[in-house]
Amino acid sequence: MKRGDRTAVETVASAGLFRRDVLKFALAGSAMAAIGLRAPAVLANAKPFEGITLRGACFQHIFHTYIQKLLPEFEEQTGMKVEFDLQAFPVYNQRMDLELSTQGSSYDFCNITHSFSGRWISAGWLTPLNGFLDDPNKTAADFDPDDFVSGTQIAYIDAKKQVHGFAWEAGAMMMAASRFDLLDKEGIAMPTTLAELADVCKATHNKSGVAAFVADRLHHWNFPPYLMGFGGKVFRDPPGDLMPVLDSAESIEAAAYYAGLLSNYCPAGVLSYTDDQAMRNQLAGRANLRINAMSWLLPLAKSDDSRVKDTVRFALMPEGPKGSFPACNANAYGIPAGSRQKDAAWAFIQWATSKKTFERTALEMGGLATPRRSIIEDPRYKQALTINGQDIASMYLDVLERSGRDGYMAYRTVPVWPQAGEKINKAIERVASGQADAETSMKEAQAAAVEDIKKAGVKL
Amino acid sequence: MSNNRLDAKTRRSRLLANAIVIVLAVITLLPFLWFVVMSFKPADDIFAGVDGFFFTPTLENYTSLWSDRFAASMMNSFITSSVSTALALVIGTPGAYALSRATMKRERTFSLLILASRMAPPVAFAIPYFLVYRYMGLLDTRLGLITVYLTFNLALVVWLMRNFFDATPRALEEAAWIDGASLWKTFMVIVLPMSGPALVTTAILCFLYSWNDFFFALTLTRNNAMTAPVEVVNFMNYEGWEWGKIAAGGTLIMVPVLAFSLLMRKYLVAGMTAGAVKG
Amino acid sequence: MSTLDVESRHRKDVGLAGRAKAGTSPAFERQRQRFFWLLLAPVLAILAVVTLLPTLYLLVTSFTPLNLANPATAWDFSDPLVNYRTLLTDDRLHNSLWVQAKLSVVTVVLQLLFGLLVALLLNMRTPLMNALRTSFLVPMVLPPIVVAIIWKVLYSPDISPAWWLFQVLGWNVQTPITDAGWALTAIIVADTWEWFPFTMIIILAALAMMPEEQREAAEVDGASIWQLTWYITLPYLKGTLLVAGLFRLIDSIKTFPLIYILTDGGPGSVTEVSNYYIFVQSFSFSYIGYSAAVTMVLLAMIVVLSWIIIRAVSGGSNVEQ
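Taken in sequence, the protein lines are chains A, B and C.
Read left to right, the first sequence gives residues 1 to 460 (the numbering used here).
Read left to right, the second sequence gives residues 1001 to 1279 (the numbering used here).
Read left to right, the third sequence gives residues 2001 to 2321 (the numbering used here).
Simulated from the structure, these hints should not be mistaken for lab results.
C-beta atoms are modelled at their ideal positions from N, C-alpha and C, and glycine is treated no differently.
Hints may be right or wrong, so weigh each one.
Unchecked claim - Facing chain B, a subset of chain A residues (Cβ under 10 Å, in silico):
| id | residue |
| --- | --- |
| 1 | 57 |
| 2 | 85 |
| 3 | 87 |
Work out the full structure: start from the sequences and follow the hints.
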């Protein structure tokens, strides 16, 4: 069997055949398996991780449901049992943060939430995976880590080029109109600049009872692309210079613009909308335009609950005066530093993010927000993502590549991002709810961010 | 004043008062009722606005959420609440008796300190508990939760039972002492049986507060010892607030405490007052 | 008519008589005292462990800049007052204290008011009222997290019956939880709904034991209902109201689920109470040292406030020490 033909699991399973001291290890094999070391296989089909239970924690997401469907094969081949502990997104983040901070060993693998990646990685709470990658015994040759589009992995690679996680989902920000027919009727095309976007919203808001725009309340995710589009920045020069620049003239202009969208052209109560609530508005055709990650916009075309399947149109995020910076993120599987079953965890992660697995989750099960280029360029994928005649796959790939190449998402991966992000959230809330104008609010955010970042021990 | 006029006047005012009470009761129950009704609505009708007002009830929200995990979380709630209540009663009642009967200096200071232990906001206490529990391996264990519930239950027991004992004359005990009965025996055989109703009331309140706890369970449990209120919050997931399921889950955790409270309403009322007024 | 008043008087009566009757020997007295200390010891010991120790931990930690993301900050006493200095200039903290004060005062007053009104009404004790009394208990026994979710439903225009009603009436009402001016009110309404049964029951029971003579005498003299209420009932209830208010005040500091589910402290910081601010500092950023300092300050404030109120409640009585 040629090396290159082996899957990850087979590699791991058969590696034992090449150990010289097979007999000695056979006896200790089961003991080693019990404490989590890979027991070399004595026979070709012995299971290397027999008896191991792998515990992982993630937030609830359909992808893990897909993985759990495919697990039996994996468990059969490796002998380990894999258990998922799934929690709601905000609950997961806080719990995991607390858990990792104490170097616990309750979990062998976990999800690395994008906005926390900088914090968790720089604090040393996650295990670098390069050791596994470089070891041919532990990683199949066809794993191909470079197959991940750069923008999806950039958050998980630290300054020393150590990679800490592999993405299972990628988010590429784009725009979707649920009721393109309303725009078309007036002869309006999908806006390509932010100025056009504002005009389109103004012209179509509440016509036929449909709000022109809708967003969710995660302003720290939604707003920075506008910020950068107007020429502003979150930090002066991440990751080295973490001085926030939220009070620059450009930042203020961007805040006024975005808060204006929220307060003038969105449905009532938009400031309390979760992702799901915003999506439901679009699904029901109550709101038209939204700019967010593809996974939140695809259901418009694919979900059974969608009433707008025929009228949905996609486009790239409109450009600001200083350029286009659609946000890109990914969520990845990683190994907590305190895990005691790292080899088994790596075997799982390798399998879960392998080409074969993504082929099935993306192409067969519909988990289309995939991070691997080979899948995205697969003709079947292109076809699945051809909606109402548009090639969404290319848009998706474009955003993923761009963010990796230009590196403008660096602000999200610094350790103090959660603090800065929270200030941005509050700032936009204040402006959109009419408590303060953009200038006052952003200046307040700037002062608070500087305070908090200093509290975290960063020298500004 | 003629009797007839009095009766008429009284009858009219009572009628009016009754009517007002009915209205108030309906208003009070309305939010709760709406929620329960929502748990029986199919998903489409929940968002359907006024059109969804008349709908065919369905049990699908309940059946889809009744998983092993939810059942286990209800069991966890039940066990942690009952055991912590029992422990608080066993430890706290003798202490309450002692506080009541003994003459001691700084008695008000003790009272204030015991009351103060109820002031601890769970948010602040969760961190030290989390750190210590991690060190001792008590995270995600029922024992851990039971211990932490003692923080508020013990104070409650002492406060309520002590007020009860204060209101109870010592005559019986003193008679027993004169007769030569031991202190311990007097307590067990005379005092305790007499305090039956108060014990029941206190037990109900402790159970209620333990069952309803959210924050400690959120921070200190994972999946083994997770209680029902935390499980409900788990439905608020990344991809959608499944309102039907949330309503169903919320209703399910309400049912035990509601049934419990309704059955024991006399004791509940008596107990709440014992804390403030001699009853 | 305060708790401590009554109980101290009672104890004096019974205690003196009791001691005389029992004719206790000093040996028995000593034995009895020992017995009581034995009974009390476990309570004190356990309370010390579960309550005092964590508080001590928080106190000690408040002198360090502990940040769980930065292990070097643990047990770093180089600048013990850094957190306390910071909190003096922390505008967001001061805002949270102000929001907390608003929330606590308004909810306690409203809960006392509604509790009082409903209790006065229910005190008529018609058969109907006795039957319906239990329905008023419902908001209080529900798990607070469920109450929060119920109100989230009520405040979400997509699924709330209130907004369907508004739609039918043609009103375009914004949802209060995203309105800077109304968010705190929204929380106050939900909190009052949840807890007015607590004060109601306490007052109702007190009313049940109110001596009838004064009231009857006044009625015979021709006093109106309002005069009866103002001059007889309310003074009688003074102590009860104070104690109920104290309990609710202490619990109002711990408000969490409503804010967590409804507003997340927002919009901006208009509903961010101190408890919530501590939560954000500890659980979102791991600034344990700082949040411990804030907690200490908050606890001190509550203890002082409670002390003042307890003194007011038992003011004038000489408790036998």
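List of violated hint numbers, smallest to largest: none
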